[in-house]
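Residue-level listing of the chains:
There are 2 protein chains.
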Amino acid sequence: MTHLNETHDVSLRSWVTSANTAETDFPLQNLPFGVFRRAGSHENFRGGVAIGEMILDLAAVHASGVLSGVAAQAAGACSASSLNAFMAMGSEAWSALRLALSRALRTGATAESALQACLVPQAQAEYAVPAHIGDYTDFYTSIYHATAVGRLFRPDNPLLPNYKWVPIGYHGRSSSIGVSGQEFVRPISQVLPPGSERPSVGPSKRLDYELELGVFIGTGNTRGSRISVTAADAHVFGLCLLNDWSARDVQAWEYQPLGPFLAKNFASTISPWIVTLEALAPYRVGWTRAAEDPQPLPYLTSAALQTEGALDVQLEVWLQTAKMNAQGDAGTRLSQSSFKHAYWTISQMVAHHTVNGCNLQSGDLLGTGTQSGPTPSEAGSMLELSAGGKQPIQLPNGETRTFLEDGDTVIMRGRCERAGAARIGFGEVRGTVLPAEQLV
Amino acid sequence: MTHLNETHDVSLRSWVTSANTAETDFPLQNLPFGVFRRAGSHENFRGGVAIGEMILDLAAVHASGVLSGVAAQAAGACSASSLNAFMAMGSEAWSALRLALSRALRTGATAESALQACLVPQAQAEYAVPAHIGDYTDFYTSIYHATAVGRLFRPDNPLLPNYKWVPIGYHGRSSSIGVSGQEFVRPISQVLPPGSERPSVGPSKRLDYELELGVFIGTGNTRGSRISVTAADAHVFGLCLLNDWSARDVQAWEYQPLGPFLAKNFASTISPWIVTLEALAPYRVGWTRAAEDPQPLPYLTSAALQTEGALDVQLEVWLQTAKMNAQGDAGTRLSQSSFKHAYWTISQMVAHHTVNGCNLQSGDLLGTGTQSGPTPSEAGSMLELSAGGKQPIQLPNGETRTFLEDGDTVIMRGRCERAGAARIGFGEVRGTVLPAEQLV
Numbered sequence: 003m004t005h006l007n008e009t010h011d012v013s014l015r016s017w018v019t020s021a022n023t024a025e026t027d028f029p030l031q032n033l034p035f036g037v038f039r040r041a042g043s044h045e046n047f048r049g050g051v052a053i054g055e056m057i058l059d060l061a062a063v064h065a066s067g068v069l070s071g072v073a074a075q076a077a078g079a080c081s082a083s084s085l086n087a088f089m090a091m092g093s094e095a096w097s098a099l100r101l102a103l104s105r106a107l108r109t110g111a112t113a114e115s116a117l118q119a120c121l122v123p124q125a126q127a128e129y130a131v132p133a134h135i136g137d138y139t140d141f142y143t144s145i146y147h148a149t150a151v152g153r154l155f156r157p158d159n160p161l162l163p164n165y166k167w168v169p170i171g172y173h174g175r176s177s178s179i180g181v182s183g184q185e186f187v188r189p190i191s192q193v194l195p196p197g198s199e200r201p202s203v204g205p206s207k208r209l210d211y212e213l214e215l216g217v218f219i220g221t222g223n224t225r226g227s228r229i230s231v232t233a234a235d236a237h238v239f240g241l242c243l244l245n246d247w248s249a250r251d252v253q254a255w256e257y258q259p260l261g262p263f264l265a266k267n268f269a270s271t272i273s274p275w276i277v278t279l280e281a282l283a284p285y286r287v288g289w290t291r292a293a294e295d296p297q298p299l300p301y302l303t304s305a306a307l308q309t310e311g312a313l314d315v316q317l318e319v320w321l322q323t324a325k326m327n328a329q330g331d332a333g334t335r336l337s338q339s340s341f342k343h344a345y346w347t348i349s350q351m352v353a354h355h356t357v358n359g360c361n362l363q364s365g366d367l368l369g370t371g372t373q374s375g376p377t378p379s380e381a382g383s384m385l386e387l388s389a390g391g392k393q394p395i396q397l398p399n400g401e402t403r404t405f406l407e408d409g410d411t412v413i414m415r416g417r418c419e420r421a422g423a424a425r426i427g428f429g430e431v432r433g434t435v436l437p438a439e440q441l442v
Numbered sequence: 003m004t005h006l007n008e009t010h011d012v013s014l015r016s017w018v019t020s021a022n023t024a025e026t027d028f029p030l031q032n033l034p035f036g037v038f039r040r041a042g043s044h045e046n047f048r049g050g051v052a053i054g055e056m057i058l059d060l061a062a063v064h065a066s067g068v069l070s071g072v073a074a075q076a077a078g079a080c081s082a083s084s085l086n087a088f089m090a091m092g093s094e095a096w097s098a099l100r101l102a103l104s105r106a107l108r109t110g111a112t113a114e115s116a117l118q119a120c121l122v123p124q125a126q127a128e129y130a131v132p133a134h135i136g137d138y139t140d141f142y143t144s145i146y147h148a149t150a151v152g153r154l155f156r157p158d159n160p161l162l163p164n165y166k167w168v169p170i171g172y173h174g175r176s177s178s179i180g181v182s183g184q185e186f187v188r189p190i191s192q193v194l195p196p197g198s199e200r201p202s203v204g205p206s207k208r209l210d211y212e213l214e215l216g217v218f219i220g221t222g223n224t225r226g227s228r229i230s231v232t233a234a235d236a237h238v239f240g241l242c243l244l245n246d247w248s249a250r251d252v253q254a255w256e257y258q259p260l261g262p263f264l265a266k267n268f269a270s271t272i273s274p275w276i277v278t279l280e281a282l283a284p285y286r287v288g289w290t291r292a293a294e295d296p297q298p299l300p301y302l303t304s305a306a307l308q309t310e311g312a313l314d315v316q317l318e319v320w321l322q323t324a325k326m327n328a329q330g331d332a333g334t335r336l337s338q339s340s341f342k343h344a345y346w347t348i349s350q351m352v353a354h355h356t357v358n359g360c361n362l363q364s365g366d367l368l369g370t371g372t373q374s375g376p377t378p379s380e381a382g383s384m385l386e387l388s389a390g391g392k393q394p395i396q397l398p399n400g401e402t403r404t405f406l407e408d409g410d411t412v413i414m415r416g417r418c419e420r421a422g423a424a425r426i427g428f429g430e431v432r433g434t435v436l437p438a439e440q441l442v
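Just so you know, the protein sequences line up as chains A and B, in that order. For the first sequence, our numbering gives the first residue as 3, with consecutive numbering after it. For the second sequence, our numbering gives the first residue as 3, with consecutive numbering after it.
Worth double-checking, as some hints may not be accurate.
Pairs involving identical chains hold if they fit within one copy or between any two copies, as the list cannot separate such chains.
Each computed SDA-like pair below joins lysine to any residue, with the alpha-carbon atoms no more than 25 Å apart [what the hints assert, rightly or not]:
#1 Lys325 to Arg156
#2 Lys166 to Gln258
#3 Lys342 to Ala24
#4 Lys166 to Arg200
#5 Lys325 to Met91
#6 Lys166 to Phe155
#7 Lys166 to Ala254
#8 Lys392 to Ala127
#9 Lys166 to Pro196
#10 Lys392 to Asn159
#11 Lys166 to Arg156
#12 Lys207 to Ser227
#13 Lys207 to Ser81
#14 Lys207 to Arg425
#15 Lys166 to Ser20
#16 Lys325 to Leu397
#17 Lys166 to Pro205
#18 Lys166 to Leu441
#19 Lys207 to Pro196
#20 Lys325 to Asn399
#21 Lys342 to Gly422
#22 Lys166 to Ser198
#23 Lys166 to Pro195
#24 Lys392 to Ala438
#25 Lys392 to Ala423
#26 Lys342 to Ser70
#27 Lys342 to Asp295
No lab work stands behind these hints, which were simulated from the structure alone.
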């Protein structure tokens, strides 16, 4: 693969010793970016990079003077309370800072003594949404999810004729996107009770999660221009975990003809760390379209797709109920899947989004849509796992679920692993359902 | 009406004499807010108020020291390049500044000599989008439009069962919203040609406008809280004109199941001036629901709706083709309608949007959806006027249209007029279609 460079070398070790363990999500080869401060402090939020169990404070690194040139400028941009300015600097600046940090954090680096003072333990940190998200777009790239959900909403017509041609997407709500740890009250809205012709208003009874990846746009395009499928990767800063909470009963009643609205916009939760596309390079895998399916239209095709179009990011969903939490039980895994199953790639999402001249901006977030895999146990939502609420999910402690209950915490994790490459982890995104606030 | 105050007095006259003509959109009783600078200059954009043919520069007013108290603070907030901070101050501050400006601009005001230097002719100004729009939501409040469009997309099922219960809305794209004068290239995307089973990619052949009002949120709500239908008006800063350009062929192919995406997000154009809800108070009219239709659910109902729930804003669409433009022809009127026909009110839009705890923010924009009236000549889109492209629209100069052609300029205007009240105008929003940029 042509994308690999010295930062991917599996033999690299860091003087931050917690980065050298087999199980860490954040070895020296990862270096994901986020925005943090010491929890409970009144410090300014600023950019940081996760390394083992620590955060390298990029404002402090910049002030320390150990970096020079473009890397120093990039660290300066990361000193702000959002990463937008850094993202806007472009892929050469992202790479330059990543390389400089990789070198400065290696065992034996002369910068160690200066950078020791720039470390903050992750256990002492709190996070912010890492960029100002101007627009949030959610795609629908899992054909398994689209088919399963389609079957529930439209039994006779599960997969619509456009699905295999169009990377279906729609605009979501950016104001209600929060960072891991987000809590939200169960949404109240209109639903059409089964068998009724008259809607009622009340707390959603079919509250669900959606297992997604989020894609942060680094550099955008001007309105009227487009980003080609071959150029797209250079515009992508990196990926995070995304839980696109969904109220299925609200969605079923409201979604025609203009799409989901109140069913989705009450909350969406992302992980604090953005794993750069560069860090994920060792996990690029070929993307193919089944021979019986239509091949993508020319603006969605490039030769590179077949060798490295997809990313093998392993994803999993855990549930910690209130009862589990009270008993010190960290939760139970509900499903696992991989982004490699996606029907559309990130580069196709970007190319499609801009083919009409729509302008993307630094910090925009694209959701991949729920990542369900080919088998039922790889479903990325409770709607699928419970067959539309008909088959309760049995939890190891004897509880059951068809949809989320108050007090439930959903935890999503992601990682890339294979022999011969460093493990690249995403950390986790967690969020908790609070009881509805009644209408007065 | 309890909303009226001295600023609405029809007998008020201004020392800005162009504000005293019968045909001005911007008499002393209006005082809409926008963001401007001298065209072609490198001045900072800053807030201003339209008065007759002039703009009162609020940064200059603030610097002049003629205002005091809350009004002075508000003018200070308006000195920025967007009105978000002013909007966030709340309705008392908006009213205080409006009242102070009304008094300072009246014939005989002692402030005249100081404020003369704060005037800039509108003919010398250029405008910016007046607020940073965090999220843009588009509603669908005209039942006439929903029925007419529904008939074209779903002949057997034009009006869906949820329409009379749910103020249908969806999230739109904020990055591509521009101010009057916006030009955009005809969007290219996938369409399914009639009779074909295989999509093709090319410039939209069914490019359309949509006649809407935009509603600027002044003060928002925190995530998890809601804004009641009775409290909603106090959160609304004001209204502008909105052209929500739409590519109908793209929309038809992509919109299921998640709603419009590339059909809408290439451009939306708003007028530079935001007419405050306070200025529109004399044009509140009663809102009723036909006896045969379901009455709105309790969270969408208030006693005030019946006496003053709607606004009688008269709207019209003009078309100036390239040929007209070359011949000095200002264009021809295609249709006219009124916002009073809307099936859902602004307060219902706000209450519905937040009933699930979704947070609105200062500067958010809500579109009303296309405002078609009850008769065919009141249609707010070309799709409707041309019966889905089947009946060409005859223009006075011999040209015809079914959809927009390259070089076409669409101009929308809005105004409130009745005996015993001052005319409150919106000015205009204009936008021009440029030829598509071919895919390379």
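Quick rundown of the hints versus the structure:
In the homo-oligomer, the alpha carbons of lysine 325 and arginine 156 never lie at most 25 Å apart, since the shortest distance is 35 Å inside one protomer and 48 Å across protomers. In this assembly of identical chains, lysine 166 and glutamine 258 lie within 25 Å of each other by CA distance both inside one copy and across copies; the values are 21 Å within and 13 Å between. In this assembly of identical chains, the alpha carbons of lysine 342 and alanine 24 lie at most 25 Å apart only when taken from the same copy (23 Å versus 66 Å across copies). In this assembly of identical chains, the alpha carbons of lysine 166 and arginine 200 lie at most 25 Å apart only when taken from different copies (11 Å versus 36 Å within one copy).
Proximity of lysine 325 to methionine 91 under the C-alpha cut-off of 25 Å is found in neither arrangement, the shortest distances being 47 Å within a copy and 44 Å between copies. For the homomeric pair lysine 166 and phenylalanine 155, the shortest alpha-carbon distances inside one copy (19 Å) and between copies (21 Å) are both at most 25 Å. For a Cα distance limit of 25 Å, the shortest separation of lysine 166 from alanine 254 qualifies both inside one copy, at 23 Å, and across copies, at 16 Å. In this assembly of identical chains, lysine 392 and alanine 127 lie within 25 Å of each other by CA distance neither inside one copy nor across copies; the values are 41 Å within and 62 Å between.
Taking identical chains as interchangeable, the C-alpha atoms of lysine 166 and proline 196 lie at most 25 Å apart only when they sit on different chains, with a minimum of 18 Å there against 32 Å within one chain. Taking CA atoms no more than 25 Å apart as the test, lysine 392 paired with asparagine 159 passes inside one copy only; the shortest distance there is 20 Å, against 29 Å between copies. Proximity of lysine 166 to arginine 156 under the C-alpha cut-off of 25 Å is found in both arrangements, the shortest distances being 17 Å within a copy and 22 Å between copies. With identical chains, the CA atoms of lysine 207 and serine 227 are at most 25 Å apart between copies only, with a shortest distance of 19 Å across copies and 44 Å within one.
Neither within a single protomer nor between protomers do lysine 207 and serine 81 lie at most 25 Å apart by alpha-carbon distance, with minima of 43 Å and 48 Å respectively. Taking identical chains as interchangeable, the C-alpha atoms of lysine 207 and arginine 425 are never at most 25 Å apart, the minima being 39 Å within one chain and 49 Å between chains. In the homo-oligomer, the alpha carbons of lysine 166 and serine 20 never lie at most 25 Å apart, since the shortest distance is 45 Å inside one protomer and 59 Å across protomers. Taking the closest pair of Cα atoms, lysine 325 and leucine 397 come within 25 Å of each other only inside a single copy of the chain (11 Å); across copies the shortest separation is 70 Å, beyond that limit.
For the homomeric pair lysine 166 and proline 205, the shortest alpha-carbon distance between copies (21 Å) is at most 25 Å, but the shortest distance inside one copy (35 Å) is not. For the homomeric pair lysine 166 and leucine 441, the shortest alpha-carbon distance between copies (21 Å) is at most 25 Å, but the shortest distance inside one copy (42 Å) is not. Taking identical chains as interchangeable, the C-alpha atoms of lysine 207 and proline 196 lie at most 25 Å apart only when both belong to the same chain, with a minimum of 12 Å there against 41 Å between chains. Within a single copy, lysine 325 and asparagine 399 get their C-alpha atoms as close as 9 Å, which meets the 25 Å cut-off; across copies the closest is 75 Å, which misses it.
For the identical chains of this complex, lysine 342 and glycine 422 are intra-copy neighbours only, at 19 Å inside a copy versus 68 Å across copies, given an alpha-carbon limit of 25 Å. Taking the closest pair of Cα atoms, lysine 166 and serine 198 come within 25 Å of each other only across two copies (15 Å); inside a single copy the shortest separation is 35 Å, beyond that limit. For a Cα distance limit of 25 Å, the shortest separation of lysine 166 from proline 195 across copies, 16 Å, qualifies, whereas the shortest one inside one copy, 33 Å, does not. Taking the closest pair of Cα atoms, lysine 392 and alanine 438 come within 25 Å of each other only inside a single copy of the chain (24 Å); across copies the shortest separation is 50 Å, beyond that limit.
Taking the shortest alpha-carbon separations for lysine 392 and alanine 423, neither the intra-copy value of 42 Å nor the inter-copy value of 61 Å comes in at or below 25 Å. Neither within a single protomer nor between protomers do lysine 342 and serine 70 lie at most 25 Å apart by alpha-carbon distance, with minima of 38 Å and 63 Å respectively. Taking the shortest alpha-carbon separations for lysine 342 and aspartate 295, only the intra-copy value of 17 Å comes in at or below 25 Å, while the best inter-copy value is 49 Å.
In the structure shown, a violation is registered for the earlier hints numbered 1, 5, 8, 13, 14, 15, 25 and 26, in ascending order.
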